[in-house]
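J.: Sequence lines, in order, name chains A and B.
Residue numbers for the first sequence follow my numbering, beginning at 1 and rising by one.
Residue numbers for the second sequence follow my numbering, beginning at 1 and rising by one.
Please keep in mind that the hints were generated in silico from the structure rather than gathered at the bench.
Wrong hints could be hidden among the right ones.
Said to hold, decoys possible - Here are the simulated lysine-lysine pairs, DSBU-like style, with alpha carbons at most 30 Å apart:
| id | chain 1 | residue 1 | chain 2 | residue 2 |
| --- | --- | --- | --- | --- |
| 1 | B | 88 | A | 12 |
| 2 | A | 12 | B | 128 |
| 3 | B | 172 | A | 14 |
Unchecked claim - Here are some chain A residues pointing at chain B (derived, C-beta under 10 Å):
| id | residue |
| --- | --- |
| 4 | 8 |
| 5 | 96 |
| 6 | 101 |
| 7 | 107 |
Said to hold, decoys possible - Stretches of chain B that chain A covers, calculated by requiring three or more beta carbons in the stretch to come under 8 Å of a beta carbon on chain A:
| id | region |
| --- | --- |
| 8 | 104–115 |
| 9 | 122–130 |
Glycine included, C-beta positions come from ideal geometry on N, C-alpha and C.
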Amino acid sequence: MAHKEWHIDRLKMKPGLVWQMAVNSLKVRISRTTLTLLTIATSSAFLIYLLTLPRSDDLADQQTWYLMLGLSVLVSAAGVLNTMLMSVSQRYREIGTMKCLGALDKFVLFTVMVESAILGFVGAVIGVLVGLTISILLGLLEYGFSLFQYLQFDWILLKILAAFALGIFLTTFGSSIPAVIASRMPPMDAMRGEK
Amino acid sequence: MSSLHTKTIPASDMPDRPAFNWLEDTGEDADLTVMTRDVTKIYQMGEEKIHALGGVNIKIATGEYISIMGPSGSGKTTLFNVIGGLIKPTSGNVFIDEIDVAQLDANELAWLRCRKIGYIFQSYNIVKVLTALENVTLPMLFAGVPPDEAQDRAVYILGRVGLGDRVLHTPKELSGGQQQRVAIARAFANKPSIILADEPTANLDLKTGE
Ligand SMILES: Nc1ncnc2c1ncn2[C@@H]1O[C@H](COP(=O)(O)OP(=O)(O)O)[C@@H](O)[C@H]1O
Ligand SMILES: [Mg+2]
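Please work from the sequences and hints to get the whole structure.
T.: If you want it as structure tokens, here you go:
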């Protein structure tokens with residue numbers, strides 16, 4: 001058999017292209033992007049609102065507060081995870097196609113993760129701003145200008161950070177599972193995996 | 001180098017068809033681009049096993065133009081996918097330019113799909129969120145071609161398939177035939193050694209040059 005001289009180069013992932021694809025995907029699917037942002041923003045807004053609510057000495061009130069906190073985190077988690085799972089599993093065909101064109105597994109994975117992280121970050125920014133505004137406005141109504149004596153604005157940076165962590169963790173975690181699966185599939189199986 | 005000639009291979013019927021062998025007249029020294037050895041593919045659908053390929057042996061020499069014909073369900077698309085490294089065969093080997101595809105790791109497989117093979121799918125499969133230009137540019141970017149160069153070449157190829165004035169359109173703004181031409185342009189982007197086309201029907205007689 002005639003010997004052929006060709007060697008296989010290793011393809012490199014271009015971070016610039018990952019970013020470009022992620023941003024493009026968010027722009028083109030603007031209605032989905034908006035909807036996802038809303039889900040995340042609502043979650044972080046409610047979390048930050050709860051975290052800055054006035055302290056109560058009443059034990060029953062405190063228990064209700066913890067219950068609300070727990071439930072709200074759970075409900076947001078379910079909502080955001082579901083949104084992210086859906087949005088990735090609707091893209092198996094696109095992922096399969098890109099793999100046919102020579103996309104590396106990690107290119108596919110990173111693109112989805114960067115996209116999710118952007119959603120989580122922007123959603124959290126909006127959520128924190130809205131949550132703090134609501135908290136302050138309601139505080140003003142209730143307590144007038146002495147609101148900061150009542151609202152729990154201690155550790156505020158940490159609380160904001162928690163809202164961010166929640167947003168970004170939920171989006172990236174929610175999309176990572178289907179993204180890992182899709183990125184590792186042979187391209188045709190990925191295309192067929194679409195529901 | 002072998003001259004361009006056409007052969008038609010019948011894909012035999014499902015399900016208990018004999019394995020089709022086509023090993024004759026490509027001599028020992030021919031420049032082989034594709035070779036398969038006893039390739040089978042069995043799809044498992046719950047309890048049921050579907051034997052889509054029952055031991056396929058083919059050799060395709062460099063420069064050869066081959067069409068594979070057969071009724072629907074006879075395994076043409078499955079063979080296309082197996083040769084293209086898009087699904088794994090259940091058994092047997094596929095060699096592209098004498099390299100056993102099964103030996104390649106994920107990165108090397110991506111390289112093979114990127115540089116060695118151009119695919120034209122039955123259902124176009126162009127990326128919906130990208131313009132015609134971006135669709136054709138993408139495989140070149142994956143291959144490491146500088147963006148400006150990739151774009152120039154994409155514009156050139158799109159012009160060659162008659163879409164010079166549709167470059168910035170997205171798939172939903174294009175007719176089926178135009179989408180097919182985008183897919184054809186994309187398949188040629190990285191100057192692959194093999195073009196695999198799955199029932200490209202109406203529009204392939206356009207320009208397959210290169
Ligand atoms: N992903 C799949 N899962 C299960 N069965 C499949 C799958 N793809 C193809 N088949 C079956 O394999 C056989 C060959 O299909 P295919 O290769 O698509 O034929 P063709 O392209 O010649 O019409 C058919 O019986 C089909 O139903
Ligand atoms: Mg078919």
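J.: Count the residues of the region 104–115 of chain B whose Cβ falls closer than 8 Å to any Cβ of chain A, and tell me whether that reaches three.
T.: Result for this restraint: holds, n = 10.
J.: For the hint on residue 101(A), does the least C-beta distance to chain B fall short of 10 Å?
T.: Constraint on residue 101(A) satisfied, holds at 4 Å.
J.: Are there three or more residues in the region 122–130 of chain B whose C-beta lies closer than 8 Å to some C-beta of chain A?
T.: holds (count 6)
J.: Mind checking the CB of residue 96(A) against every CB in chain B and telling me if the closest is under 10 Å?
T.: 8 Å, holds
J.: CA of residue 172(B) to CA of residue 14(A), is that 30 Å or under?
T.: Holds, at about 28 Å.
J.: Please verify whether residue 88(B) and residue 12(A) have alpha carbons no more than 30 Å apart.
T.: 24 Å, holds
J.: So, residue 8(A) near chain B? Judge it on the closest CB pair being under 10 Å.
T.: 5 Å, holds
J.: With the threshold set at 30 Å, check whether the alpha-carbon distance from residue 12(A) to residue 128(B) stays at or below it.
T.: 24 Å, holds
J.: Against chain B, is residue 107(A) within 10 Å by beta-carbon distance?
T.: 8 Å, holds
The structure agrees with every numbered hint stated previously.
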